[in-house]
Every structure is written in C-alpha cells, then in structure tokens.
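A.B. asks: Sequence:
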Amino acid sequence: MVIGIYLVIAFLVFVAIACEKFTHDAAFHTRWEAIRIGALVGVFWLPIVVMIALGIFYSYIHDRGTM
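Going by our numbering, the residue at position 25 of the sequence shown is 1147; the numbering climbs one at a time, nothing skipped.
Treat the hints as calculated values from the structure; they're not laboratory data.
Here a beta-carbon is modelled for each residue, glycine too, at the ideal position from N, C-alpha and C.
Among the hints, erroneous ones may be present.
[Said to hold, decoys possible] Label-pair restraints from in silico Cβ distances: (1) Trp1154 / Val1124: 34 to 44 Å; (2) Leu1176 / Val1135: 18 to 28 Å; (3) Gly1177 / Leu1134: 15 to 25 Å; (4) Val1172 / Glu1142: 21 to 31 Å; (5) Tyr1182 / Leu1134: 18 to 28 Å.
Given the sequences, and given the hints that come with them, work out the whole structure.
C.D. replies: Now the structure itself:
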C-alpha cells in the first residue's frame, strides 16, 4: 500500500515536472497547449498507476487476512 502511494506521488511529480518543462520552453500562447498535452499524458498513465496501486493494496489486505 505504501509503495502504491509512493507510485502515485512520483507520478504526480513527474507530470508536474513535464508540464513545467513544456511551459518553461514555450511561449505564453502555447502554455495551455502544453498543459493540455500534460493532461492527456496524465489521463493515459493514471489508470495504469491506479491499477498497480490497487493491486498492491488488495494483495496486502489479502495477505494480512490469511495470516
């Protein structure tokens, strides 16, 4: 469960850094375009990260329940 939380935090930091890099290199009128690209990347990766975190969480609960 802790690993899943760390994965989600690392993912959010990665998206923030990617958006900052896009917006830092771009002009103001392309800033929203860069944020939109970052949001699309986030929407693509978020279900994968959530499923990994849920899998770790459920396996942790299942192991605790059987022990």
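A.B. asks: Run every hint past the structure and note whether it holds.
C.D. replies: Hint-by-hint comparison with the structure:
Under the hint 34 to 44 Å, the C-beta atoms of Trp1154 and Val1124, about 36 Å apart, fit the expected range. The hint said 18 to 28 Å for the Cβ distance between Leu1176 and Val1135, and at roughly 20 Å that hint holds. Checked against the hint of 15 to 25 Å, the pair Gly1177 and Leu1134 passes, with Cβ atoms roughly 19 Å apart. At roughly 23 Å, the beta carbons of Val1172 and Glu1142 sit within the given window of 21 to 31 Å.
Tyr1182 and Leu1134 have their C-beta atoms about 21 Å apart, which keeps the hinted 18 to 28 Å range intact.
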